[in-house]
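Chains as they are written, first to last, in my numbering: chain A, 1 to 341; chain B, 1001 to 1341; chain C, 2001 to 2347; chain D, 3001 to 3347.
No wet-lab data here; the hints were simulated from the structure.
Beta carbons are placed, not taken as given, at the ideal position from N, Cα and C, and that holds for glycine.
Among these hints, one or two may not hold up.
Computed footprint of chain B on chain A, listed as stretches where at least three residues anywhere in the stretch have a Cβ under 8 Å from a Cβ of chain B [what the hints assert, rightly or not]:
no.: 1; segment: 172-179
no.: 2; segment: 196-207
no.: 3; segment: 213-227
Listed below are the residues making up each chain.
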Amino acid sequence: MVSEHLTSSEGRPLALDEASRARERQFWLSLYEQMLTIRLFEEQVNELYMSAKMPGLAHLYSGEEAVAVGVCAALRRDDYITSTHRGHGHCLAKGAAVDRMFAELLGKQPGYCRGKGGSMHIADQESGNLGANAIVGGSAGIATGAALSCKRRGSGQVVVCFFGDGALGQGLLYEAMNMAALWQLPVIYVCENNLYNEYTPNRETTAGDMLARPRAFGIHTEEVDGQDVRAVYAAAVRLVERARRGEGPAYLQCNTYRFYGHHVGDIQRSYYRSREEEEWWKAQRDPLKLLGSWLREQGLAEDSHFAEIERRVRAMIEAGVRFALEAPYPDPQEVAQHVYA
Amino acid sequence: MVSEHLTSSEGRPLALDEASRARERQFWLSLYEQMLTIRLFEEQVNELYMSAKMPGLAHLYSGEEAVAVGVCAALRRDDYITSTHRGHGHCLAKGAAVDRMFAELLGKQPGYCRGKGGSMHIADQESGNLGANAIVGGSAGIATGAALSCKRRGSGQVVVCFFGDGALGQGLLYEAMNMAALWQLPVIYVCENNLYNEYTPNRETTAGDMLARPRAFGIHTEEVDGQDVRAVYAAAVRLVERARRGEGPAYLQCNTYRFYGHHVGDIQRSYYRSREEEEWWKAQRDPLKLLGSWLREQGLAEDSHFAEIERRVRAMIEAGVRFALEAPYPDPQEVAQHVYA
Amino acid sequence: MSMPSASSAASAPQVPQAPEGWREITLGQAIREALAEEMRRDPRILLLGEDVAEAGNPFKVLSGLVEEFGPERVIDTPISEAGFTGIGVGLAMTGMRPVVDIMFGDFLTLAMDQIVNQAAKVHYMSGGKLKVPLVVRTTLGATRRSAAQHSQSLHAWFSHIPGLKVVLPSTPYDAKGLLKTAIRDDNPVLFFEDKMMYQLKGLVPEGEYTIPFGVADIKREGSDLTIVATSSMVQVALAAATELEQLGISAEVIDPRTTSPLDKQTLIESAKKTSRVIVVDEGYQSYGVTAEIAAVISEGAFYYLDAPVKRLGALDVPVPFSPVLEDLTVPTPAAVVEMAKTLCGRA
Amino acid sequence: MSMPSASSAASAPQVPQAPEGWREITLGQAIREALAEEMRRDPRILLLGEDVAEAGNPFKVLSGLVEEFGPERVIDTPISEAGFTGIGVGLAMTGMRPVVDIMFGDFLTLAMDQIVNQAAKVHYMSGGKLKVPLVVRTTLGATRRSAAQHSQSLHAWFSHIPGLKVVLPSTPYDAKGLLKTAIRDDNPVLFFEDKMMYQLKGLVPEGEYTIPFGVADIKREGSDLTIVATSSMVQVALAAATELEQLGISAEVIDPRTTSPLDKQTLIESAKKTSRVIVVDEGYQSYGVTAEIAAVISEGAFYYLDAPVKRLGALDVPVPFSPVLEDLTVPTPAAVVEMAKTLCGRA
Ligand SMILES: Cc1ncc(C[n+]2csc(CCOP(=O)(O)OP(=O)(O)O)c2C)c(N)n1
Ligand SMILES: Cc1ncc(C[n+]2csc(CCOP(=O)(O)OP(=O)(O)O)c2C)c(N)n1
Ligand SMILES: [Mg+2]
Ligand SMILES: [Mg+2]
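Make the full structure from the sequences, and use the hints.
The following block contains the structure:
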């Protein structure tokens, strides 16, 4: 996927020949489709929660789709990611299938973790996903260690460590970044800055200049509009290539916003953020709308494309939910399996 | 002690009237005496170790005296410090007595901790010493909490958190600095950068720019020649006053060197640092020699002053050692005392 | 002061009307009341933790406190468990009385050094000069479908460490009285709240009261069998006892309330009386709290026991997400009843 | 393969000459040999920790390894226990086999989240797909005059956590064989070395051998009393057994070698044979390893015991610096002998 795609952010249509236009269309529509998959997946998760079909809680990624999709589009399938409590988007973007994810969320046996992990722990080795982590910042060491592994094995793989702005509060992150910088490891720390740590705005929890932090550890640092998948993708390609060439770690801050609550049960949000703020982001900064508009402006896609994609995605999601609802629970004896390898 | 002292670093004698000269002499000689006390205290500690009179190990502060003395001279007695495994200098500079420190080092009952703490845990509430800490970086939170306490109680106290360059590896430090900056706490983080973490040079353990780290958290940061007690003192006065005025935390890096091994048993050091390097520091950068020379150049002190001080300090140290050697061990039943308050 | 009737506290929801001078509140309210009353009494008390202020913590246990005491005393922190626990230690050493909130007990893993190497040891290492009057409030308990990193009951770790005290309230009455004692204690105290029990109702008296540490509470008297149960497992034991009554087995249910200090005497006395003991706790069974209690009773009541002391802890597996699996990991009334029947020769 | 004579291993220094095919080495050398041989065999093995390379770690256990394997495989880290343990987890999940060095067992407090919430749970949480073949080598044991933050024996904590294995070697033979097994195991293993035992000598065979986990070793056979002892306490138990022999009491000394998995069977069998049991371990006594072992034996051998199972752990106090106090906190041969005499009705 690491081909070069034009990423001019102005409205002006690109001057391309037909073959290039077709490639462009295909590429960006595939990213659009992934983002839409995440969006509709999350809609269903919320629905499953509201209708009491899903056990526990889930942290929805809606609104932040451009980050996971833009970054993962720059990765090979055998590159690694580590993910967070808000991890559905990362999973899907890295290549997990909707049906097995739903199954996991319902605690069913065909789920990615045989129902043992649930929303906060989906891992999928085949697509390079080392797992979501319910400890904020908890995977900073794991991602860095995976990068050391890639370097020692000379595999040419790179690792992306996704985390939220809240993880900047965890000392582990700095310990890991220090070693990544010392040893020039192929790891990219992707901070999804959605402005809040649960119910507290990050200006109350994060002193100084966020970006100065990784920089102080000698890490190449960039910041990008996390709602613009083209910008995210372009930055990710740069940083991934850098890492793959052995030029060391990087830090990419993606400024973004979650459209829903901290988790599905977080309905009353006005005490920590205003409805106007939420409306503004949804109206003005929706990553799907932004990419859709650009594709239309460029003449790369039109209504029929989007309608077709939506039909396809909805069908897949519906089938996935059905699959999961009908899937069996794990056998009771599985409770004592997999404690030890 | 927070009077204004001239700190012109050039050799040129200061133009002062007699009363000022007397004050200057007295002040700097008192700092000289404190540094010498630490130096000779540590000589005795080494001696006690070599002659198998001291249980366990100790980490000598010799060479770094200007840091503790320069910083603590800027503090009030009721200001707090937290200290490290290499803590004798901090203790003494903050006002602990030689005899009770020796007693502690020998595990004797009149020791500051009744023999329960030993070299790495001396605490002395009366002089504001919240304790040495044998966990590298372990007191970053404690110092920051003490600063929050000072602020809440409106006591006007400030806190100094001493730690070595090795503590930059500990995530806790960044967590604490973040909160100190957010809440504008009266705490000064004093990094004693002696170039080594045990047996590993810190260029192998510390990526990027050390000073950029506290700065990234929005903390006012300065660097100073840790062998020049006048420079350390001047910087400390500035930062302590700032903190006392409510202007928030600061970070002071003191570049220094330990003259002995990591601990008293670390005799073979050539695999990690050269004899030449050690000799250079001892010959060129000894804080006692540097202050002594300046005082002589200024005509503020002459041989007789230094001889008198040395006599006094040696007598005190000798008496202290004798006191400690003759002191009783704690009663066996003390083993189960003080587990709970 | 003690409960009007020990068993009525546990089964409070069935009590039609609270007796004179008593009110029915939830365990969450009991916690909040204890904090609010203590904070009114003593201005040195501060609360620190993630989302403790406006959000009132995710279990809403702290709602209203920031409104009453202001953000200077109810302090939202960054997500820095080690850092703000360390800050708690420093506050406690210098004249304040902090109550630190670790949102889920599983996150204690991040603050172990500050709790175990610092808070627990400062008093001893300083030869008795420094004190750390710190309360760490946190949670335990599974079955919330929160999976392996949000469901552990790690209180055994802290019970193992000299210098710490460990409190495990099982009713609103105990929660309020014990939390007040914890706040007034001059030592670091770990206070574990079962997150499934915040809605549990029970009676508390109108006025001021505290409950001393190290005093077990007999939640139900009985003669055939002793069930020692902690925290969440007290309700499980009481439910089992009710069932056992139907079978003609009279079970005594004892709640140690604090594992450190542990009221060995009361446990051993009960074992001597009944000759049969089951110990139930929601921590992992192996090397957990049930081991210590079983060992203490096995030794102390050795010559009175008719059968080995039986233990029922959580299954020794990471807590699985899937409800069908998770429910298998936690002791249930049915499991206690089965064990009791075997023990009493009724199986 | 087993030792030529179980008791000779423990008392190796007295053996005048090593039998054919066996060599006498120290426990420290045994560790180094195990690491070196395994690293030669498997290029995926890396060592990480503070001062592990040129310095060879403060106990000089690793001397020579960086010279043979280079700094790419023997890696000096910053003082970042959480960070490099996490890196170990990530290495292990992606095809490497890291051995992480935590200089003093007390510093495990800093890495608890990575060990307990990450390493221990990854395999289970991923439904068996990911594996964490990680060894954490660290120390335990007091009496080095190192005070409260450098003297703890915290192995009970890890024994409590499903997903972890816990190894406590007590002889050079066991250390070498068990460390090799640890390195080849596909799970996270905590490997605790008593820092006072690095100079202990004992016999090891010339060739390759490993020792399976979960198999207790009878260090000395006896018939009147069973002493279950771990790590540093094995030598204490053997010394006590020798004294007891003079008194006509025949003590069997059993070393579980791994507390997780625990060889319950062998412990219970011995207890059934001797009817009297003392459990000795250097961790804090309360809620420590002695509790689990005592509970297991009290239950499993209930009908065979003539007296309660006695426990002897470290005193429940932070380890004091002063030698006169510190020595009171650790079980001694004399204390074991006293307890044994009482237990056998000889006091
Ligand atoms: C170590 C730890 N502390 C606290 C929590 C509880 N918690 C879960 S998500 C969250 C906020 C995370 O904020 P951020 O990292 O910005 O991610 P976001 O939810 O905004 O995506 C908190 C405090 C946790 N899971 N782990
Ligand atoms: C958490 C922790 N890890 C490791 C150690 C072992 N240790 C003691 S001192 C030291 C080096 C400290 O270096 P630095 O902070 O620079 O202080 P210095 O000794 O140079 O004064 C180490 C690694 C420790 N005491 N605590
Ligand atoms: Mg966020
Ligand atoms: Mg240093």
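ask   = Where does the structure disagree with the numbered hints, that is, which hint numbers, in rising order?
value = Failing hints: none at all.
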